[in-house]
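Chains A and B are the protein sequences, given in the same order. With the first letter of the first sequence counted as 1, position 61 gets the number 66 in my numbering; the numbers rise by one all the way through. With the first letter of the second sequence counted as 1, position 16 gets the number 21 in my numbering; the numbers rise by one all the way through.
These are computed hints drawn from the structure, not numbers from a lab. Careful: at least some of the hints might be erroneous.
Given that identical chains are not distinguished, each listed pair holds provided it fits within a single copy or across any two copies.
SDA-like mimics (lysine to any residue), calculated; alpha carbons at most 25 Å apart, straight line [claimed, not checked]:
hint, residue 1, residue 2
1, 255, 148
2, 173, 103
3, 39, 324
4, 255, 203
5, 173, 253
6, 173, 56
7, 158, 232
8, 255, 41
9, 39, 325
10, 255, 36
11, 39, 99
12, 255, 151
13, 178, 49
As the structure is a prediction and not an experimental result, all values here were calculated from the model.
Protein chains: 2
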Amino acid sequence: MTTMPLDVVGIGNAIVDILSHADDAFLAAHGLAKGAMTLIDAERAGALYRAMGPAVESSGGSAANTIAGIASLGGRAGYIGKVANDQFGGVFRHDIRAAGVRFETAAAQGGPPTARCLIFVTADAQRTMQTYLGACLELGLEDIDPEVIGHAKVTYLEGYLWDPPRAKEAFRKAAAIARQAGHKVALSLSDSFCVDRHRDEFRQLVDEHVDILFANEQEICSLWQVGRFDEALQATRGRCEVTVLTRSAKGSVIVAGDEVHVIDASPAGQVVDTTGAGDLYAAGFLFGYTSGKNLYDCGRIGALAAAEIIGHFGARPQTPLTELLLAQLR
Amino acid sequence: MTTMPLDVVGIGNAIVDILSHADDAFLAAHGLAKGAMTLIDAERAGALYRAMGPAVESSGGSAANTIAGIASLGGRAGYIGKVANDQFGGVFRHDIRAAGVRFETAAAQGGPPTARCLIFVTADAQRTMQTYLGACLELGLEDIDPEVIGHAKVTYLEGYLWDPPRAKEAFRKAAAIARQAGHKVALSLSDSFCVDRHRDEFRQLVDEHVDILFANEQEICSLWQVGRFDEALQATRGRCEVTVLTRSAKGSVIVAGDEVHVIDASPAGQVVDTTGAGDLYAAGFLFGYTSGKNLYDCGRIGALAAAEIIGHFGARPQTPLTELLLAQLR
């Protein structure tokens, strides 16, 4: 059997997002760290859901959002992640396949339910995320298909994968296969608190396994334990082939050896919900990268995809990104 | 035990909406009647879902949307409808309770899953709905709590309830209890195809049981089998205490005995998705009505609530409607 070559395969926590509006008083009353992703257990997830306002469900997961974005841009994309055999698992599987993504990971049977992330969106468009990992804890070595990884130009890993204990073995196996096939390994640092939890391992990964590193300002400062963006920029030079640093409205900076590119954010209309902004920037960058674009253009496509996602509720594109890309080129 | 008095209790099909964008070619390829609600079986629902693009899940159901809207306006509202004991049932229950609605109907055990409505939104903001009724078929007489109905100023029924065979008994029982308690019965005709399916029964209902009738232009023309709006207007005068006719961008007309009010639509920004426009108009009207407003003001609140809902994807308010109402009054 031959395997279709892919531009990017992503590995991540397969999560259904449950999004609702909330105000700062709600965050304070429930002790939620604004803007961060916090891991919670089933009991806490139940209690928070009961307290949450009316919500909307949408497939999520950081790497899954990126992969869905790459497919929406016209890239050939695959995904590896663990859902349970339940309704939310069905929703996740449907949405990622309907986006045109190859997704074959077997559902977990009889264990915890599909992961969910309770997302509280405040009026300032910030999102505060509370994640119950559920079935994601079951992702393991057996889920890494060497055929798929070996045929993808880039294997993309989310830092959040460092949280479920078995997933990091899967992560290392995938990275090794990709490297052996002469392909690239990309890592997103995911969240500054996630970096705090796994700093030493992330530094080692960056030095030994990662070709393309994605981080926002807080994450890169946390990784190198520095206080200012410019310090982080200097610290990260030369650590891996390409480092892509995103700074919200301040745009992005791409570092590759001696090359440094500074790219403006794309003009956005009303900013409704920043959930998925980093994920979609990575989608645009990787689509450009695997299409052979120069680093500046990769960053511009990333900015364009991020601008789409912050204009509406949720972290999956509502407008086919190919259309936006074509409109931009006209 | 004393029962809290309610402004409105709604009875309807408890449904989770699965919303996705689609184009006219998709509707044609799958033989979908644009703008209508079509009932489908489990097999067809599965096949259409597999063909559907990436989607978003949101609690729906026509009367449930209305009731959630009344709660969002600050009214005291209750709901009766049947979900299954599954994840979508949990989502429905959470969302309506989180909106502040009293909802005590027991979940169906072991039968078909919670109902879902596949909604295809086209670029012209029209919605085409395909409904699998699932657990809604289990709603029956035993679910009608006379205490709740007897303490509600208005009992609101959706015409769609005429589709599941056992629900109409529940509907008649509820109407009888409400009438006996000296309260009002309201009916929404739901959909012109629904009127086609049940025309004779709806005419009898309107003449014998309904105090307040909601219909859009197509529905009222179908009910009286006339071709023009003005004919329908003349045909409906004197049939029930109040008839509320909605006409999308052309506004609404309210008829009550010799009174006739013509009300403009509220200015809307970009029209994204018309799902729920009629449901939310009814919410605004009934909130005004049970607050003792005159019919013109009831219609204006209806128009305001409808304008909110068409500005975004989905049929439940994203902005608390009390805020919009207060902004309007300033």
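Each hint, compared with the structure:
1. 255 <-> 148: neither (38 Å within a copy, 56 Å between copies)
2. 173 <-> 103: neither (28 Å within a copy, 37 Å between copies)
3. 39 <-> 324: For residue 39 and residue 324, only the inter-copy Cα distance (21 Å) is at most 25 Å; the intra-copy one is 28 Å.
4. 255 <-> 203: Intra 27 Å, inter 59 Å, cutoff 25 Å: neither.
5. 173 <-> 253: Neither, since 29 Å and 54 Å both go past 25 Å.
6. 173 <-> 56: Neither: 33 Å inside a copy, 34 Å across copies.
7. 158 <-> 232: Classified as neither; 35 Å inside a copy, 61 Å across copies.
8. 255 <-> 41: within (20 Å within a copy, 46 Å between copies)
9. 39 <-> 325: between (30 Å within a copy, 22 Å between copies)
10. 255 <-> 36: neither (29 Å within a copy, 48 Å between copies)
11. 39 <-> 99: between (31 Å within a copy, 23 Å between copies)
12. 255 <-> 151: neither (39 Å within a copy, 60 Å between copies)
13. 178 <-> 49: Result: close neither inside a copy nor across copies, 33 Å intra and 41 Å inter.
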